[in-house]
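All chains should be built: construct the whole structure from the sequences, respecting the hints.
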Amino acid sequence: MIKNLTRGFSALTLALIPLLAPAPPAQAAEVATLADAVGRLPIAPESREGYQRTSFQHWNTGLDPADGCHTRNEVLLAEAIERPDVAPGCRITGGR
1 MIKNLTRGFS ALTLALIPLL APAPPAQAAE VATLADAVGR LPIAPESREG YQRTSFQHWN
61 TGLDPADGCH TRNEVLLAEA IERPDVAPGC RITGGR
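In the numbering used here, the protein residues as written are 1 to 96.
One or more of the hints may lead you astray.
Quick list of the computed label-pair ranges, beta carbon to beta carbon [claimed, not checked]:
id: 1; residue 1: Ala78; residue 2: Val38; range: 43 to 53 angstroms
id: 2; residue 1: Ile43; residue 2: His70; range: 25 to 35 angstroms
id: 3; residue 1: Pro88; residue 2: Arg53; range: 16 to 26 angstroms
id: 4; residue 1: Val31; residue 2: Arg72; range: 35 to 45 angstroms
id: 5; residue 1: Thr93; residue 2: Gln27; range: 25 to 35 angstroms
These are calculated hints, taken from the structure and not from any lab test. Built from N, CA and C at the ideal position, the CB exists for glycine as well.
Written out as structure tokens, the structure is:
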């Protein structure tokens, strides 16, 4: 019985040795400023592949529910290079 206990203890010791060994030193994390990190981002042309306007039918009522402009139209108006015409019910035509 003592031989079996000795063998069991030896096997346990061999199993635990890798856990007790010191870990290899961790590599230092690279530190960069935000400007450097942004500068490293790859530049690619805009792709609208896969976008389907019909997938976004559930716009909220926007900042002023009374004016009829939902969030999408409010963003289009706010970011327009050439202001679109706004018809009753916040129907947007034209613009860029």
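Here's how the hints hold up against the structure:
1. The beta-carbon spacing between Ala78 and Val38, approximately 24 angstroms, falls outside the hinted interval of 43 to 53 angstroms.
2. As the Cβ distance of Ile43 to His70 is approximately 33 angstroms, the hint placing it in 25 to 35 angstroms holds.
3. A hinted range of 16 to 26 angstroms for the beta carbons of Pro88 and Arg53 is consistent with their spacing of about 22 angstroms.
4. Hint check: Val31 to Arg72, Cβ distance near 40 angstroms, so the stated range 35 to 45 angstroms holds.
5. Taken as a hint, the range 25 to 35 angstroms is violated for the pair Thr93 and Gln27, whose Cβ atoms sit roughly 57 angstroms apart.
Hint check: violations occur at hints 1, 5; the rest are consistent with the structure.
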